[in-house]
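**Student:** The lines below spell out each chain.
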Amino acid sequence: MTDNSIIKLTAAETARRIAAGELTAVEVTEAHLARIEAVDEKVHAFLHVDREGALAQAREVDAKRARGEELGPLAGVPLALKDIFTTRSMPTTVGSKILEGWIPPYDATLTKRLKDADVVILGKTNMDEFAMGSSTENSAYGPTGNPWDLTRIPGGSGGGSSAALASFQAPLAIGTDTGGSIRQPAAVTATVGVKPTYGAVSRYGMVAFSSSLDQGGPCARTVLDAALLHEAIAGHDPLDSTSIDAPVPPVVEAARNGSVQGMRVGVVRQFRGEGYQAGVVQRFEESVGLLKELGAEVVELDCPSFDLALAAYYLIAPSECSSNLARFDAMRYGLRVGDDGTRSAEDVTSLTREAGFGAEVKRRIMLGTYALSSGYYDAYYGSAQKVRTLITRDFEKAFEQVDVIVSPTTPTTAFPIGERADDPMAMYLADLCTIPTNLAGNAAMSLPCGLAPEDGLPVGLQIIAPAMKDDRLYKVGAAVEAAFVERWGHTLLEEAPSL
Amino acid sequence: MTVTDLVSYEDALASYDPVMGLEVHVELGTKTKMFCGCSTELGAQPNAQTCPTCLGLPGSLPVVNATGVESAVKIGLALHCEIAEWCRFARKNYFYPDMPKNFQTSQYDEPIAFDGYLDVQLEDGEVFRVEIERAHMEEDTGKSTHVGGATGRIHGASHSLLDYNRAGIPLIEIVTKPITGAGERAPEVAKAYVAELRELIRALGVSEARMEMGQMRCDVNLSLMPKGSERFGTRSETKNVNSLRSVERAARFEIQRHAAVLSSGGSIVQETRHFHEDDGSTTSGRVKEEAEDYRYFPEPDLVPVAPPRAWVEELRATLPELPRLRRNRLREEWGVPALEMQAILNAGAVDLIAATVEAGARPAAARKWWMGELARSANESGRSLDELDITPAQVARIAELVAAGELNDKLARQVIVGVLAGEGDPDTVVEKRGLKVVSDDGALGAAVDEAIAGNAAVADKIRGGKVAAVGALVGAVMKTTRGQADAARVKELILQRLGVEG
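Protein sequence lines correspond, in order, to chains W and B.
Okay, so the first sequence: first residue is 1 according to the numbering used here, each after it adds one.
Okay, so the second sequence: first residue is 1001 according to the numbering used here, each after it adds one.
The set of hints was computed from the structure by calculation and includes no laboratory data.
Every value quoted in this text rests on a predicted model; they were computed, and no experiment measured them.
By construction, the Cβ of each residue, glycine as well, lies at the ideal position given by its N, Cα and C atoms.
Please note: incorrect hints may appear among the correct ones.
List time: in silico SDA-like cross-link candidates among lysine to any residue, alpha-carbon distance up to 20 Å [what the hints assert, rightly or not]:
hint : chain 1 : residue 1 : chain 2 : residue 2
1    : B       : K1092     : W       : L367
2    : B       : K1239     : B       : E1292
3    : W       : K386      : B       : A1354
4    : B       : K1092     : W       : Y376
5    : B       : K1368     : B       : A1354
6    : B       : K1092     : W       : E346
7    : B       : K1143     : W       : Y333
So these bits of chain B aren't anywhere near chain W, every CB distance computed over 12 Å [as the list claims (entries may be wrong)]:
hint : residue
8    : M1099
9    : E1292
10   : N1328
Please model the entire structure based on the sequences and the hints provided.
**Tutor:** Here it is, written out as structure tokens:
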């Protein structure tokens, strides 16, 4: 089998062939390393590639198979890990200069689970600094290109992971989603991304941006692959107090049995209107039509508090980040600037933060510090928390009427690199449809639903499920995916330009 | 300000009423830290007891120590507090190099325990009620050692060493409501409160509360208001006052200092102050021009703490007798005057004496040995009574031997010395050192005769009715028998020989 056909395989198929002895894990890993070598200079999906570590893991999988040991459902499948999870064997920079070269002394729970599942970690992917952004332009290590058009953004913050998938550098990737950082990159690259229910995937070892919103999740090219990865990384972790102590919903089973027959699907009035690109709306409406054809009943919903979601998010997330990022003070790890023996610890901390944090990170630290200040707390942070409660109630009421909600994942297709760099408000609008889910803590998926006619770029369909009902995403997602592939005669990614 | 600028204590109290607030931090004696599994054992190599969580490494998360919560509830219950049905941790944000995360995980407006009181007994027996505002859970910081400057302060230091072994050790902060109405006894109340709290914490078994080891630290907030006024004055906050005596001295000093400032027309600056053990004074620390903004908000990495009511009631049922009530009960049982009971308490001997009595000794005997010979020995070796190498059961055995006449006090003291020196239990020491009292009439007879013959004048006095003089002859016998004679029997024999009724 040629390298080029190996890299096009799904994760499920790759694992099957390795288990069956039709491919070795080393072959698979080498094919992906070769692909990275060939295209990543252009794409810049990876910040670190761990060639030796990946091959060693692959050899171990092959040895296990040779010994006759049973292999897990993703054994030997390569994965691109967002550079926000700690890894003992690789640096963890979170896309920031302030952690340049930091090699953590511990593995994140998610990293451990991937290793335990014999998933081969190829390297760490690029991201907006501290996951703050929607374009990956805020990475201190330079932007990532969208494989559909390298002059456009691959989404963010997890643009490295989505670009790695869309450019066939890895069949699986990990993202984190605080306001849409898994789903929006998936949408603009025609890949699949899932933000599980808050607490489903351990945050231990995932560098915090906004603790009450952050959630790690699976990224893949198919719904089934995402489900297999979801199952590998989810589950209770005693090291994370907010981790859910309950069985993981049957996501793989759901992905294998896609159906919307008899389901009630909600369409929310607040997820449309000004700011939505015509082609995005068109593909979304087609998707709703498809759902009806597949046997779903579509219900119109009103969730008035969703209009306040963006404002609430930009108070809560910066507030928590201002506290979470206080630890980067040059005392124990990471960058240290100005320690020439004449300066106080306070001065060294200031100089380091000045040099080590990018503009967007500083903006959010300042916003959050202000919002938490005495005298402003009630008006800002306090009010935002009330909005959060209202949004949760809107979702609760909605899910009394419907099984899932659908919306466009993001109002526009991928915009050109640099276009919104100086306009934070325009940038923040990219997460308009994804943020309510983070605030309420429930689950959502983005999957491809076509190309916008006006620019030929991918559009994402968002499916939202109640908390702990992550399996519904996969059931609906698998049905939609199958119907689209049947309609198009191929997956959307096959239309992407070759690099 | 020097001591000479102070107003005399009496003058200060003639014009002003002191208002105090006491904040006490207690390090809990849990095996592991508040939010991670690291050991809390003292004395380890710097930074040997750390992990990603207590070092605040990126990505690390806290998990609440259940024993820490249980200890907090016990303390709350013992202080007659309400226990929150639901409360959260909060982040207290401020920068300091020995704070790994640059925020302290603490509690803010939802403390686990609130609205209680502690009755404290002053030296004359008067009971004063100190109202408790709250008790909340938090974590300790690391420890900075500033090198190269004067007096270990950061000012002028060339560099600082950071030890994070202490970072994350569970603390309970207990805050009183403003203590008013204590008048001139305010410093005494402060001391008695901290002492009582220490006893309580120990009785609960949640901490050893050793102030000299920093396991219990006290901040004394004090203000004065003109007599008759109801409006509190501006307060000063004297930090880290770490012995009972210092608590009293700090309060007293601040009363005099405030009075001096106020009565000369000045006004008190709200500031923190350092206490100086050497002369009992305080000096200005950091001026709080505006209230420090800690930007508290609920800790999103932890889930709320919601102690089930049934569990709280279970804990309430297991609370030990309050130390003050127990002390009063024991005082009555032992028949000890209040002042002596205070001395026993101060010496840390209450539990030891109680255990000795429990092991069969009479209270008077148990008290005598612990407060006498053993206290002396502890003093000399610079240890506390409970650190001595002797158990209450062994002391009880010695007392038993004395009561049975097999040892006299002098011999008993030698037995104690032997036990403390590790020579074995009391019976072994008696055996090895040959310390039996000689009460055999035959063996004593010769010594008695010798004493009478050698002290004819004294013998005559006794015959003449001055029975009290018999002591001199007993002394002589004890001398020749090297203290091993049964003094009571010797006295009987002497009087018998001299034909005098005892």
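**Student:** Tell me if the straight-line CA distance from K386(W) to A1354(B) falls inside 20 Å.
**Tutor:** Between K386(W) and A1354(B) the Cα gap is close to 57 Å, so the pair fails against 20 Å, i.e. violated.
**Student:** Beyond 12 Å on every Cβ pair: is that true for E1292(B) relative to chain W?
**Tutor:** violated, 9 Å
**Student:** If you draw a straight line from the CA of K1239(B) to the CA of E1292(B), is it 20 Å or shorter?
**Tutor:** holds, 16 Å
**Student:** Could you grab the alpha-carbon distance between K1092(B) and E346(W) and see if it respects the 20 Å cut-off?
**Tutor:** holds, 19 Å
**Student:** Classify the label on M1099(B) as holds or violated, using whether its beta-carbon is more than 12 Å from each beta-carbon of chain W.
**Tutor:** violated, 9 Å
**Student:** Are the Cα atoms of K1092(B) and L367(W) separated by 20 Å or less?
**Tutor:** Holds - the C-alpha atoms of L367(W) and K1092(B) are around 18 Å apart, at most 20 Å.
**Student:** Does Y376(W) lie within 20 Å of K1092(B) when you go C-alpha to C-alpha?
**Tutor:** holds, 16 Å
**Student:** Are K1368(B) and A1354(B) close enough, with their CA atoms no more than 20 Å apart?
**Tutor:** holds, 13 Å
**Student:** Holds or violated: are the alpha carbons of K1143(B) and Y333(W) at most 20 Å from each other?
**Tutor:** holds, 18 Å
**Student:** Could you check that no beta carbon of chain W comes within 12 Å of the beta carbon of N1328(B)?
**Tutor:** holds, 44 Å
When each numbered hint is compared with the structure, violations occur for hints 3, 8 and 9.
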